[in-house]
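Enquirer: For reference, the chains in residue letters:
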Amino acid sequence: MTRSEPASEASELDQIQTFFAAQLRKRGALPKDSALAAQARAFVSASGRLSPVERLEIYREQFWLRHTASLVEDFPGLSGILGQEAWQALIEGYLEAHPPASYTLRDLGLHVPQYVEAQPTLAHHALCLDMARLELAYLELFDAADAAPLNATALAAIPEDAWERARIELQPALRLLHVGYPVASLRRQLFLAQTSGESVPIPAPEPLHLLLFRRDLSMYHEELTAGAFALLEALTRRVPLAAACAQAQAEIPEEAASIAQNVGAWFQSWAARGFIASVEV
Amino acid sequence: MTGSAHARLGLPDLGVGVGLRVPHYAHVLGARPAVDFFEIISENFMVEGGKPRYHLARVLESYRVVQHGVSLGIAGPEPLDRAYLTRLKRLLAEVKPPWFSDHFCWSGAGGAHLHDLLPIPYTKQAVTRVVERARQVQDFLELRFALENTSSYLTYNASTLSEWEFISEIAERADIGLLFDVNNVYVSAYNHGFDPYEFVEHVPHDRIVQIHLAGHTNLGAYIIDTHRGTVIDPVWDLYRRTVELTGPVSTLIEWDDEIPTFDVLMAEAEKARSVREHALSGQKLEPIPRGILTQGSAQSVHGTHGQGWQQGGPRETAEQGAGE
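Protein sequence lines, in the order shown, are assigned to chains A and B.
Under the numbering used here, the residues of the first sequence are numbered 1 to 281, in order.
Under the numbering used here, the residues of the second sequence are numbered 1 to 324, in order.
Hint data in this document are derived by calculation from the structure and do not stem from the laboratory.
Certain hints may be false.
To be verified - So the derived label-pair ranges between C-beta atoms look like this:
no., chain 1, residue 1, chain 2, residue 2, range
1, A, N151, B, E61, 22 to 28 Å
2, A, A35, B, A267, 49 to 55 Å
3, B, G30, A, R27, 41 to 47 Å
4, A, N151, B, H6, 51 to 57 Å
As the list claims (entries may be wrong) - Derived coverage of chain B by chain A (criterion: at least 3 residues anywhere in the stretch with Cβ under 8 Å from a Cβ of chain A; other residues may be distant):
no., stretch
5, 111-124
6, 152-159
Even glycine gets a Cβ: it sits at the ideal position worked out from N, Cα and C.
Please work from the sequences and hints to get the whole structure.
Expert: Structural data, given as structure tokens:
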């Protein structure tokens, strides 16, 4: 089949794609009104079995199903707290506010914490925000770069007097998160409840300093003291070791003595567990 | 059989392979079953580290791997994404496939990436756009590029070419390969009411570097390319005719929804091998039915509406790796 084309086809191609993309992103089934039917007829052929609007609706429905399914996979804790109805409303609003922009669905939820933060009327708002931040951190950890840990020989070769000014490079697959609720254990409970069917109570507030890390390809969390957390935070900003200790002591004065007393043991433990990628002296 | 000296653009015939999917990783890496080759979805491995890269490295130790992309959106209104191509090039350098592929489609507009293989109007203007970009992609990535015909659920009033005319002209003018998806030919033929054999007969067979086969979901009024279930008989017949025209071409089974055990997947690959060998030997098993649009029964709508289908099956996610 070959027929002549209109002269202004360059713009027609873009017009078709702009129209099509706009229909896909509409929340809720496409209306059966005459205005949309006329617009659709201008671009899309009827099939004999389906009208142009019905043909567009196949793609629109899939846009929403595909993206909401991807988000529930990435945020099982957040969706578990909210329940199906509130979760669906949240995530549809999110997709309208932050349409997918990356080539990979892995990046779809990058703005979820930011969006949750901007929804102050959301049930269990503070808990939801903590859970969203935790789950985004897990997403980032999951495929963060691999880096060989600093080995014991390299560590032993660092001169004693160099430690004071040493800058520590931590593993890329490591995150620090200060939360107001026990979200890591809650997420685990919600995950198990998917099969057991047991209801999971909303936990009471409990401020925690979490270290999230990947080891042997799996992800873990552990609770830190406020002092150890502050020290690691300073190290992630590439503050030299001695200055990082001083900053942590100033930030958490009630733990100043503990920081001074434990820094050597902490460092040895972090190094032994592979958290240290390199030391720049 | 018409396979010529220039068949497959000089690229190797890898035999019959299957798509590498997350539920099969443990079996593949543990049992190391005999598989001619695997196809990976490029985007699932364009990450820095962790499980996806670990699993890929282990697979590459034992198997030939080809790369198939789903996000290029070559016909879209916006220019090619250079950052995407740069990351893809890094992965290609690691995997070293004999070719790489994506789709005749567009995937976004107005800054949004819609993660779908959206149909292109079959016009001369679209041909020009895709030819120009396909050349850029192939030149930048320094590897033979192939584009795949997609399944579609609508057609445009603006189209002035048939789909086979459209993809053939692009392949010839851009000097690229074709990844010929036989199931997609069947699905689109059903949805739009054309003869799938006319499609199969009228593409440049020497440019077909790979073939895809998959199951689909027939909803009666239309068919969805879900990559669910086994390949239906009319698609096997189309495949047989395709191989008669192309000669030996690497063939891949895709199964992305309700993914079965690896043994079931490999049984489908072995069926493909059998059909392929019969086609190459010139043996006629039975007459090829020409009225295939009346065949294939409608399946239940339940299970397709209400869930999104995704090319490449589920990606490996944080939840699957959680070891808290």
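Enquirer: Please go over all the hints and tell whether each is borne out by the structure.
Expert: Against the structure, the hints come out as follows:
For the pair A:N151 and B:E61, the beta carbons lie near 25 Å from each other, so the given range of 22 to 28 Å is met. For A:A35 paired with B:A267, a C-beta distance near 51 Å keeps the hint of 49 to 55 Å intact. Taken as a hint, the range 41 to 47 Å holds for the pair B:G30 and A:R27, whose Cβ atoms sit roughly 44 Å apart. For A:N151 paired with B:H6, a C-beta distance near 54 Å keeps the hint of 51 to 57 Å intact.
Note: the stretch 111-124 of chain B has 10 residues with beta-carbon separation from chain A under 8 Å; the three-residue rule is met and the coverage holds. For a cut-off of 8 Å, the count of residues in the stretch 152-159 of chain B with a CB near a CB of chain A stands at 6, and the three-residue condition holds.
Hint violations for this structure: none, all hints satisfied.
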